[in-house]
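Engineer: Next come the chains, spelled out residue by residue.
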Amino acid sequence: MVMAQPEVMDAPDLRTLSVAESIAHLKEKFPDAISNDTREGYSGVIVDKQKLVEVAQYVKETLGYDYLSSATAVDYLGEGNHSTDHLEMVYHTYRTTGGTALVMKAQTDRETAELPSLVPVWRGADFQEREAWDLYGIKFAGHPNLQRILMWEGFHGHPMRKDWKEAYYEEETKPFGSRWPGGHVHRAEEKTIFGSNVKYPADLDLGRLADISDDQLYQGFGMGVDTHQMIDHNGMETDLLVVNMGPHHPSTHGVFRMVIKLDGETITQLEPVMGYLHRNHEKIGERNTYLHNIPFTDRLDYISSMGNNHGYVLAVEKLMALGKKYEPPTYRAEVIRVLMVELTRIVNHLWAIGFWMNDLGAFFTPVLYFIQERERILDFFEATAGSRMMCNYMRFGGVFQDIPERMHSAMNLINDRVRDTDSMKFLTEMINERIPRTIDELDEYLTNSEIVKTRSIGVGYISPENAINYSAAGPLLRGSGVAYDIRKAEPYSIYPELDFDVAVEPAGDMYARYLVRLNEMRESVRILKQLLPRLEYTKGQPVSDNNMAYSGKVPLGESYGRVENGKGELGYYVVSAGDKKSTANAWRYHVRAPSFINLTPLGLMCQGGKVADIVAILGSIDIVLGETDR
Amino acid sequence: MNGSGFIKGMFVTLRHFVNSYVDDVRYGFRKFSPQVDNFELRQGTQAEGVFTVQYPDEKVAVPERFRFVPFLVVNNFDHASDPGKDWCTSCGICAKVCPPQCIWIVRSEDPTTGRPVPEPEAFFIDIDICMNCGFCAEFCPFDAIKMDHDYELASFDRTNNHVFDKPKLSKEMRYWKSIAPTRAVEEMQVRGGWEHKDAQKAERRGGAVRGKPEAAAPATAAVAEDASKEAKREAVRARKAEAEAAPAPVAEATPAADGGSGAKPWTASHDENEKRKAAALARKAARAAKRGEG
Ligand code: SF4
Ligand code: SF4
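Chains as they are written, first to last, in our numbering: chain Z, 24 to 653; chain P, -10 to 283.
Source of the hints: derived by calculation from the structure; they are not laboratory data.
Not one of these hints is a red herring.
Listed below are the simulated SDA-like cross-link pairs for lysine to any residue, each with C-alpha atoms no more than 25 Å apart in a straight line:
| id | chain 1 | residue 1 | chain 2 | residue 2 |
| --- | --- | --- | --- | --- |
| 1 | Z | K576 | Z | R62 |
| 2 | P | K157 | Z | H207 |
| 3 | P | K(-3) | Z | D466 |
| 4 | Z | K476 | Z | T388 |
| 5 | P | K(-3) | Z | V482 |
| 6 | P | K48 | Z | E428 |
| 7 | Z | K476 | P | N(-9) |
| 8 | Z | K347 | Z | S66 |
| 9 | P | K(-3) | Z | P459 |
Bound conformation, chain Z alone (with noise of 0.2 Å):
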């Protein structure tokens, strides 16, 4: 296992100080830049803004805290149990060895809204910190280009500040009085046509949007090129140009566009431009219930749903069990979210595979093959959650309902007796033999084709440092070697008593991250098949003692629950805070999307490369735009 160690190891010890221990170290460290987060239901440092470079270089440098999961911002804005407005950069910093999250929080005031960068320590805060500009308006001292990452620059405010309301608002949090009891329906956009809030900055010109030259449209990106530049490279001369690729390119997996900067066809500088799938999922989600955000987690990355809401009900059962009315999930229930996210990840890795083939030329034929299976786990799905893709399942402390005696139907149409099989018989035969089948088959078909390996191997390379460097996660991060798997690191769920294997591959490029998800799918088999006897013995034992009701109240604090998600870590930030002692609506909801953060790295992997890669390397990463813009 290749491990980034940075160089200063005059302390070792320190890198195997626990969280707690990590905490006194840096007290003593930094007297008057650290205090602790003494707030009902937190944990972790609040770090002083002027210090917090200095301290976030430690903790990564000499503490070995050296992978940056999420960074994201909330606004305490009113009463509460935080009684001064404030705005908070809250840091999720955790060790590549595994274990627990050092938590780091900066504070500013509402007005200035000024904290400094940390980009120059972790590069994975760049994103990062630019969604917190877009959303919160905290501006970043020091970051390399701070612009709006999800909105567009002529949106006006920072919509995720408490104050600020979006068309069509209505109420502060659902559920919203007009529904009941005097429900007469309405449609928003007949009630007002363009909403209430179509604002623009005032210094914006909009003359530009309509007529606006090349120069203009890439100057953003400090792109702004005379794009008729010769180069000559010893007698052989190329152009250098600008090239707008997407957003409505086939190729980009959805509408995602990437400006590119080229010499000839090598490829200078890339710029990925994103955010037009964007819905504020994160507002919608603290206008929600807690229960009301299961489903919509569903929506980000769609192909993997369950996934999803495995890592959301997470994070609120951390919140519930700081409270005393909290069930923990019963065994099977367990049992079966591990069942179904391990499902999830072989049908997210066969979409993967699929599509990269797609991008790599071999249209739509292999990824036929392989979503087969996938139609199949799907069937399994939609007899036991409902859908098939907007699964829906997990509750918090459950799942929806157990799996169903038959995978029947009652409606008279023509296929009857082909789906009413047993589902216990359907699933072993899926686990058994249809799955490993197609993954058998998928590894003859591609691994050693020449055509794949001359594509792949050594394209997209991204080195170890890099990946832990850059926050990316997923077969991104194992495929250049550094074995870092939340079920293996931070064990949640029955995972620890499972028997697998991080799958790891250390060549860093994009073959090596098509193997990464092969193994994976092979591991999640190893996984599924010892799932088989522990729901044959669990049978009958509750699966969905709900432990909300449809109203249910939630214990102030802090949460984090993460999960390894097909495409990577997969993390929720949940806040419950207020003035009583629980609150029905999160105050703040993040979601650390591995997908937007994976593209961090994007411009670094196509560097030098040709921009007939672009594509390819864009596929290997294995984004989802539904979770990308949110």
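Fit chain P with the ligands to the known structure of chain Z by using the hints.
Structural biologist: Only chain P with the ligands this time, still in chain Z's reference frame:
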């Protein structure tokens, strides 16, 4: 040998290609004959080769738990005492638990006492907004709202067709039994019978069905009671008609002001829609002018 991996891969393609015909031969081309149960061959767990379904000529059956836009359970239309009675008591739980808040319920009130009556006067679901999550069905304490299996709801006119009202949402108990036989039986066991919870309770108490204490009255009084019931119904109807006739929110009104006036845009006539459109355009122009000044 260079290229051997690739050739091996091509054999996989070839195998798939051949397999897509193997079933044909194996089953004597029955796969494509229209009447036979050919699904078994194509979609069964043992199937090889071609796998797809010729929708809409063939449809894949949906499992029992499949969920699509909800419907309201009502008594069977040939029910002995209360044909077509709503099971919904307008408790409002589904409206509160609905994540995108697409359920709108008007609770009935007793016209004389003004007290709430456990029966919705109106019930709307905006199916464009419904995310088919199934929470309403999961949390309804009266088994009164259930997820449907009918997924073919597309229409050419979103504005007029996609807010489902009570008549459109209501389906007989019998229908629920037919689409979800096991689930319906489980629920019946929890309730203790096929009737609505409240109806059973009332029966155990020895008489009245919820909201209708009259039903238990002695036969001689029954006629009079019926009359009074009829009068009440009349009153409700009148009130409804009034609400219907109330002027639609006129376009000149400020946008956010017409909250709960009871007007239903999709029932508005063509003229009214036109008026609204015109007013909207006027507002747009006014705003644009204002922006221009600023
Ligand atoms: S939860 Fe059930 S009974 Fe209550 S209003 Fe909704 S449908 Fe009616
Ligand atoms: S299915 Fe979900 S979104 Fe649709 S009406 Fe029911 S609760 Fe609302």
